[in-house]
Amino acid sequence: MGEKTLTRMDLSEAVFREVGLSRNESAQLVESMLQHMSDALVRGEQVKISSFGTFSVRDKSARVGRNPKTGEEVPIQPRRVLTFRPSHLMKDRVADGNRK
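Under our numbering, think of the first position of the sequence shown as 947, with each following residue one higher.
It is possible that some hints are incorrect.
To be verified - Label-pair ranges, simulated between beta-carbon atoms:
#1 L952 with Q992: 20 to 28 Å
#2 M955 with G1043: 20 to 28 Å
#3 V988 with R1012: 28 to 36 Å
#4 P1014 with Q992: 32 to 40 Å
What the hints assert, rightly or not - Derived pair list, reagent style DSBU-like, types lysine-lysine, alpha-carbon separation capped at 35 Å:
#5 K1006 with K994
#6 K950 with K1006
#7 K1006 with K1037
#8 K1037 with K994
#9 K950 with K1037
#10 K994 with K950
Because the hints were derived from the structure by calculation, they are not lab data.
Values in this document were obtained by computation on a predicted structure and should not be read as measured data.
Using N, Cα and C, we set each Cβ at its ideal position, and we do this for glycine too.
Input sequences plus hints: build the corresponding full structure.
Put into structure tokens, the structure is as follows:
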């Protein structure tokens, strides 16, 4: 599997090349999109991107966990976690990429 990581800079460079905005405007557009997505998730809203997937926040209740090394019970505090559920199109596309 490849070691490449897609970064904000890569996204803004792609916008620069494909849309034709300046590099500065492209970076601002990417930052604005990511900020809107983050703000929506903080408010507890879902972020759905067609043909890509859905980001959502789940509230997990408190529970008792166990230290695997010692077997000692440890309380786990309630928390909010970010989840991503890929669309069927994205799942298929990734699976097809693995076959090449």
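Hints versus structure:
Look at L952 against Q992: about 22 Å separates their beta carbons, and that is inside 20 to 28 Å. Taking 20 to 28 Å as the suggested C-beta distance range, the pair M955 and G1043 conforms, at roughly 23 Å. One distance hint, 28 to 36 Å for the beta-carbon pair V988 and R1012, holds here, with the actual separation near 31 Å. Judged by the Cβ atoms, the range 32 to 40 Å given for P1014 and Q992 holds: they are separated by roughly 33 Å.
Among the hinted pairs, K1006 with K994 is consistent with the structure: their alpha-carbon atoms are about 21 Å apart, no more than 35 Å. Only pairs whose Cα atoms come within 35 Å are accepted, and K950 paired with K1006 is accepted, the gap being roughly 32 Å. With a C-alpha separation of about 26 Å, the suggested pair K1006 and K1037 falls inside the 35 Å cut-off, and the hint holds. Taking the CA atoms of K1037 and K994, the gap is near 15 Å; set against the 35 Å cutoff, the hint holds.
Distance hint between K950 and K1037 is fulfilled; the C-alpha atoms sit about 19 Å from each other, no more than 35 Å. Simply put, K994 and K950 have alpha-carbon atoms about 25 Å apart, close enough for the 35 Å limit, and the pair holds.
Checked against the numbered hints above, the structure breaks none of them.
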